[in-house]
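A.B. asks: Sequence:
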Amino acid sequence: MGYAVLHMEKTNGTDAAMSAHIERTIKPKNADESRTHLNRELITFPDGVESRTQAIQHRLDNAGLTRKIGNNQVRAIRVLLTGTHEDMERITQEGRLDEWCSDNLKYLADTFGRENIVSAVLHMDEQPPHIHATLVPIVREERKRKKKEQQVKKRYRKKPTDAARLCADDIMTRAKLKSYQDTYAQAMSGYGLQRGIDGSEAKHIFTRQYYRDLMQQTEQLQTDIGQLQDRKETAQEELKRAKKEVQIEKLKRAATTAATNIAESVGSLFGSNKVKTLERENAILQNRISELEDEVRQREEWQAKQMQDMKSAYEQQNHKLSEFVDFVKRYFPYVVKLMPTIKFLRDTLNFSDAVIRKLCTFKDVSIRGELYSREFNQHFKADKTACSLKEDEEGKFELNIDGVSHVSWFRRKKDEFMQSLGMPPRKQNKGIQL
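The numbers in the sequence shown follow my numbering, run straight up by one, and end at 1256.
A few of these clues could be false.
Stated by the list, open to error - Keeping only pairs whose Cα atoms sit at most 25 Å apart, straight-line, the calculated DSS-like set for lysine-lysine is:
1) K1165 <-> K1212
2) K1054 <-> K1133
3) K1151 <-> K1180
4) K1000 <-> K832
5) K1054 <-> K1127
6) K849 <-> K890
7) K849 <-> K1165
8) K832 <-> K928
9) K1133 <-> K1165
10) K1185 <-> K1203
11) K1072 <-> K1098
12) K1165 <-> K1180
13) K832 <-> K998
14) K1203 <-> K1159
15) K1151 <-> K1218
16) K832 <-> K890
17) K1159 <-> K1133
18) K1151 <-> K1127
19) K1054 <-> K1065
20) K1185 <-> K1235
21) K928 <-> K849
22) K1065 <-> K1098
It should be emphasised that the hints constitute simulated quantities derived from the structure, not laboratory data.
Work out the full structure: start from the sequences and follow the hints.
C.D. replies: Right, dumping it as C-alpha cells:
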C-alpha cells in the first residue's frame, strides 16, 4: 500500500511564476509534450476570469475584506495532491483517475471552503499524475489576538467576529497541518493510499528540484567524461613525447657509447659513471612509457565496455518492443485498425482515456457535454448520447453516435441548429437529375 501525498506552501502576490508552470505557458524540461494535451483545469473560472493569477485576484476582490492587504501578506497557498508513483499508475490503469480527481476536489471544498479553491489543474505530462490546487486563505473565525486584547482590558473598536479575513497562519497552524494529513489519508483510503509516517523527518522534494538535481548530476557526469577524454589525449601526447625522448636518448646513448669507446682508448673525459647514469635514466623512461601505455589501454577498455553495455541494453529493449508489437499484430490485429480512430477520439473530440478504453471494448458509452466537428468548426451539445465503435465493410472502425456515423450525426445537428435560427437546412448534393 502506497502513500497519499498532500503538500502545502505559502506564496506572496498573485504567484504569476507558478501560474506559468501550471498552465504550461512555460514548458518545463521534464514534461512530456506528447501528453500535455491531457492536462486539464478541474475548476471552471468565473465569468471574465481566464487564468489562475486572475482567479486569485478575483477571489480577493469579492471576499468582502475590510482591511488592506499588505505587500508581504500571503495571498495564496499552493496545494500539491498526488500519491506514490506505482499507485497513481494503478489508479490510472483502473480507469479511476476521474473519480480520484472528484474526491480530491470534494476534500478541498469540505476542508477549506469551495469558494476559496480558485484553481485545480491535473498534470498528466509529468510523473506521477498530480493536482496543483490553489487556495486563497479567507477565514471567518475570530482573530487570535482578540482574546489577548480582552485580557489586558484595553478598549478596541468592536468588529464582527465573522468578518472575512485574509490569514494563512490560521489555516497552516502546526496542529491543522497534521490534521490535514490524517483527514486526507482517510479520504484517499479507498484508492489504496495511506498516511505517511507520523513524525518522519523525510522532506518533500519538488519535481522541478528532482529534475534540476538530475540535470546537475548529468552535467557533472558529462564534465567527468570530458576530463577523462582530455586526460587520455594528454596521456597520448605524453606517450608520444616520451617515445620521441627515448629515440633521442637512444641516439645520445649511441653517440655516448662511441665517445666512451674513444675515451676509454685514450683515457677520455667520459668515464663509466656517465654510461651508468644514462642507462638508469633510460630505464626510468621505459617504465614511464609502460605505465602510460597501461593507463591508456585501461581507459580504452573501460570506454569500450561502457559503450557495449549501453548498446546491449538498447538492443534488448528494442527486441522486447519488437516482440510486443509482433504479438499485438498477430493476436490482436484489430488494435492496429483502431489506432486512427483512437487518435481522432483523443485529439479531435477530446475524449478521456477512461471513455476511450471503454469504447475499445466495443461497448456503448453514454456521454454528455459538447462534441467538436472539424467539418463545421463548431461544437454541438450531447446529452446522454450513446457512442460506440463499429467496423465498416472495409474493415475500418468508425465512431457511431446514436446509431449513425459521427459524420451523419454532426450533419444532422448542423441542420437542427440552422432550423433553430430560422434558416433553411443545409442543401444535400443529390447529383444530376434527369
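A.B. asks: Now tell me if each hint is right for this structure.
C.D. replies: Hints, verified against the model:
1. K1165 <-> K1212: 16 Å, holds
2. K1054 <-> K1133: Holds. K1054 to K1133 sits at ~23 Å (cutoff 25 Å).
3. K1151 <-> K1180: 21 Å, holds
4. K1000 <-> K832: Judged against 25 Å, a Cα distance of about 16 Å means the pair holds.
5. K1054 <-> K1127: 16 Å, holds
6. K849 <-> K890: Not OK: K849 and K890 at ~35 Å, beyond 25 Å, violated.
7. K849 <-> K1165: The given pair, whose Cα atoms are some 23 Å apart, holds under the 25 Å limit.
8. K832 <-> K928: 21 Å, holds
9. K1133 <-> K1165: 33 Å, violated
10. K1185 <-> K1203: Holds, at roughly 22 Å.
11. K1072 <-> K1098: 14 Å, holds
12. K1165 <-> K1180: Since the Cα atoms of K1165 and K1180 sit roughly 15 Å apart, the hinted pair holds (cutoff 25 Å).
13. K832 <-> K998: 15 Å, holds
14. K1203 <-> K1159: At roughly 28 Å apart (the allowed maximum being 25 Å), K1159 and K1203 break the hint.
15. K1151 <-> K1218: The hint holds at about 15 Å.
16. K832 <-> K890: Between K832 and K890 the Cα gap is close to 19 Å, so the pair holds against 25 Å.
17. K1159 <-> K1133: Given pair K1159, K1133 is violated - Cα atoms ~33 Å apart, limit 25 Å.
18. K1151 <-> K1127: Distance ~36 Å between K1151 and K1127 Cα, so the pair is violated.
19. K1054 <-> K1065: 16 Å, holds
20. K1185 <-> K1235: 24 Å, holds
21. K928 <-> K849: 29 Å, violated
22. K1065 <-> K1098: Within the cut-off at roughly 21 Å; holds.
When the structure is compared with the earlier hints, violations turn up for hints 6, 9, 14, 17, 18, 21 and for no others.
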